[in-house]
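Chain A is already provided as a structure; the job is to place chain B on it using the hints.
Which chain is which? The protein sequence lines are A and B, in order. Numbered according to the numbering used here, the first sequence spans residues 1 to 394. Numbered according to the numbering used here, the second sequence spans residues 1001 to 1394.
Keep in mind the hints are simulated off the structure, nothing from the lab. All C-beta atoms in this analysis are idealised placements derived from N, C-alpha and C, irrespective of residue type, glycine included. Careful: at least some of the hints might be erroneous.
Unchecked claim - In silico lysine-lysine, BS3-like type, Cα no more than 27 angstroms apart, as pairs:
1) B:Lys1042 to B:Lys1056
2) B:Lys1002 to A:Lys42
3) B:Lys1159 to A:Lys2
4) A:Lys56 to A:Lys42
5) B:Lys1002 to A:Lys2
6) A:Lys56 to B:Lys1002
To be verified - Covered stretches of chain B (chain A as the covering partner; in silico rule of three or more C-beta atoms under 8 angstroms from a C-beta of chain A):
7) 1001-1015
8) 1049-1060
Stated by the list, open to error - Okay, the calculated beta carbon distance ranges per label pair:
9) B:Gly1016 to A:Gly39: 35 to 41 angstroms
10) A:Asp237 to B:Ala1388: 26 to 32 angstroms
11) B:Pro1187 to A:Arg49: 29 to 35 angstroms
12) B:Ala1371 to A:Arg49: 35 to 41 angstroms
Number of protein chains: 2
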Amino acid sequence: MKFEFVNPTRVVFGIGSLARLGAETARIGHRALLVTGGGSVKRSGVFRRAIESLEKAGVAWTECAGVEPNPRLTTVVRGASQAREHGSEVVVALGGGSVMDASKVMAAAVHYEGDPWDMMFHGERRARPPRRALPVVTVPTLAATGSEMNDGAVITNEKTVEKSFVIADCLYPRAAILDPALTASVPPDQTAYGIADLVTHVTESYFNGVDGTPLQDRWTEGVVEIAMEYGPRAVRDGGDLEARTQILWASTVALNGWIGAACGAPYPVHMIEHVLSAHTDVAHGAGLAIVSPAWMRFAARTRPERFAQFARRVPGLRPESADDAAAAAEGIDGLEAFFRSLGCPTRLSQAGIRADGIARFAADAVRVGGAEGRVGGRPPAGAADVEAILRACA
Amino acid sequence: MKFEFVNPTRVVFGIGSLARLGAETARIGHRALLVTGGGSVKRSGVFRRAIESLEKAGVAWTECAGVEPNPRLTTVVRGASQAREHGSEVVVALGGGSVMDASKVMAAAVHYEGDPWDMMFHGERRARPPRRALPVVTVPTLAATGSEMNDGAVITNEKTVEKSFVIADCLYPRAAILDPALTASVPPDQTAYGIADLVTHVTESYFNGVDGTPLQDRWTEGVVEIAMEYGPRAVRDGGDLEARTQILWASTVALNGWIGAACGAPYPVHMIEHVLSAHTDVAHGAGLAIVSPAWMRFAARTRPERFAQFARRVPGLRPESADDAAAAAEGIDGLEAFFRSLGCPTRLSQAGIRADGIARFAADAVRVGGAEGRVGGRPPAGAADVEAILRACA
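Chain A extracted, bound-state conformation:
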């Protein structure tokens, strides 16, 4: 293990912590760009409670509404422009992963010289990451992306139909208000996709990271176990606040570096999925539930012992086979069955994605999400591999 790690985000966790938003924001600044999505926070009353908390703490705000799923570069540019006009000192992200990701890139775009798309990693073209950003306070209303406590964001360039990511120290939120009660109104399908997302975050590290990270292995297995224990409860009964609590915390730690930093893994399933949600309106987590098992079957051929270990250690999977390759296959089947049991699609066709786009998706995956004609991972996947993976889950 050889790595660097830092994560300065302050976490305020617990049911009712939304009431702390104003005070935590006022510690940072008194003029906020308040970023929201499609309106669910207004229907649920969360928006009203958020602005009451901000106003009580003396924070003036202007709303940047309408961040779409798979947030677009033009939306980022619009938000940054609004923050500049308003003289915002802080950005408050009130919503799901799309809102949080857009908020972070808006915060960086305020100070960025040139096209914000240049911040993003996109394969062969070299990214120019941001060095400064307005401070961000995240208030997730969905447990999924982990964006609330990390330094990454994913944005879609609707002109080039490319979805790519940026990672930079300045994007760590200053504070994260994690109130599990805010996720209680998330419908079953979105809840399920969030669970597929958090599970995939840790399995990407587990299966693509460096050797010799036994503690991270155990922690990953723990996250997957929690997802398998509490995920079905959260899908079945959105108001099960104990389940919502455990799932929100699991989604946060799944991608805040506590597990992943030491693993140094590329994220091939994400790189492949990003193409799907750039070209179609599939939800990111749903796309991961489709691609993840198919990618695992591809990778398990090279390292069956690693996949067998995972299957044998996660209580909800427990394969019967003594043979590694067979145990690996049972474990992957079990994880796929788990995604299906939550209501996730596990085939492209179930998400309305037609097989005739697969060759294009594979070409885009290695071009936008890879380097030297391959998507990183163990093993790396060339365009033909990605095409085979996608055909296997068509």
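Below, chain B without anything else, positioned relative to chain A:
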């Protein structure tokens, strides 16, 4: 779960990372108080490599040597005074837990008005924690206390024969240089005590924390498993760098808040042990190896199911009994046997501590480490309980 968490320490982990000390320190300041212990870093050559790295980065330094095990208040006062005279902008802690703890309190004492002992928690008397401190860079040469990446420190007041702790945000080290190779020269006994220390950090949270922290449970079990797998290797062969790597990382994450913050646990075994190492020269980790199983037997009477869960989930313990109380007892016996197998004492007499001091130790434990006549925990322990715990491990 309801908690707040922040940990801004930047970690540079890996064999060879000592060479990064100068550059990481120079990012913070160019005049360093370099704090060391009894001279082992000079014998091992680590000191020479550290100052070469500092000087290469243009950092001027003055050494504050001679921090003793169970570091004393007078040493803290001496270091703070030296830092003021030198105009130190940063404190570099090069040593074990004592050096790191003393360094942190020196860094705070530089700005503190009044007696630094007032910073410390001591039972009925109310502490006045520091709000400012010089930035600290930790370079642990021993895997044990986790002080390298947390906001706590333990100091002994030699006049009152009291050992107490301080916790404050300003004490988080700015950076931690975690080089497992520096721990290769630690002798077997100190290596073993460090392992007892890191194990006790996570078990204190596990057995005294709030209910409903299943992810933290799994992560704790993972830390104990890693300790049981790699600890014996590190004790047997100090030069086993893979074992040193895993143990150093386990000791860091055992007390950096990643597991403990959400648990909000008091640390009764530590409060009891602090009395032993205030009154005798027992090593802190050795004292924990003695007190921990005895405290567990006391607490398991109230919550056998919790101790049975722990025993059943940690692969190295695996009790045979179906009955919770019996499984709990088997697990505690197993953990005690593990400490013994490493070479730790598990009886006061083996550490040369006489039984005739027990009544005084118990009285001091509830006075210095407790409140309202009891040491916190599940269940809380009055002086009579603490006395019984200590007699059980006499």
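A quick look at each hint next to the structure:
{"no.": "1", "hint": "B:Lys1042 to B:Lys1056", "verdict": "holds (19 angstroms)"}
{"no.": "2", "hint": "B:Lys1002 to A:Lys42", "verdict": "holds (25 angstroms)"}
{"no.": "3", "hint": "B:Lys1159 to A:Lys2", "verdict": "violated (44 angstroms)"}
{"no.": "4", "hint": "A:Lys56 to A:Lys42", "verdict": "holds (19 angstroms)"}
{"no.": "5", "hint": "B:Lys1002 to A:Lys2", "verdict": "violated (33 angstroms)"}
{"no.": "6", "hint": "A:Lys56 to B:Lys1002", "verdict": "holds (23 angstroms)"}
{"no.": "7", "hint": "1001-1015", "verdict": "holds (count 15)"}
{"no.": "8", "hint": "1049-1060", "verdict": "violated (count 0)"}
{"no.": "9", "hint": "B:Gly1016 to A:Gly39: 35 to 41 angstroms", "verdict": "violated (53 angstroms)"}
{"no.": "10", "hint": "A:Asp237 to B:Ala1388: 26 to 32 angstroms", "verdict": "violated (46 angstroms)"}
{"no.": "11", "hint": "B:Pro1187 to A:Arg49: 29 to 35 angstroms", "verdict": "violated (58 angstroms)"}
{"no.": "12", "hint": "B:Ala1371 to A:Arg49: 35 to 41 angstroms", "verdict": "holds (36 angstroms)"}
The structure fails hints 3, 5, 8, 9, 10 and 11 (numbered hints given earlier, in ascending order).
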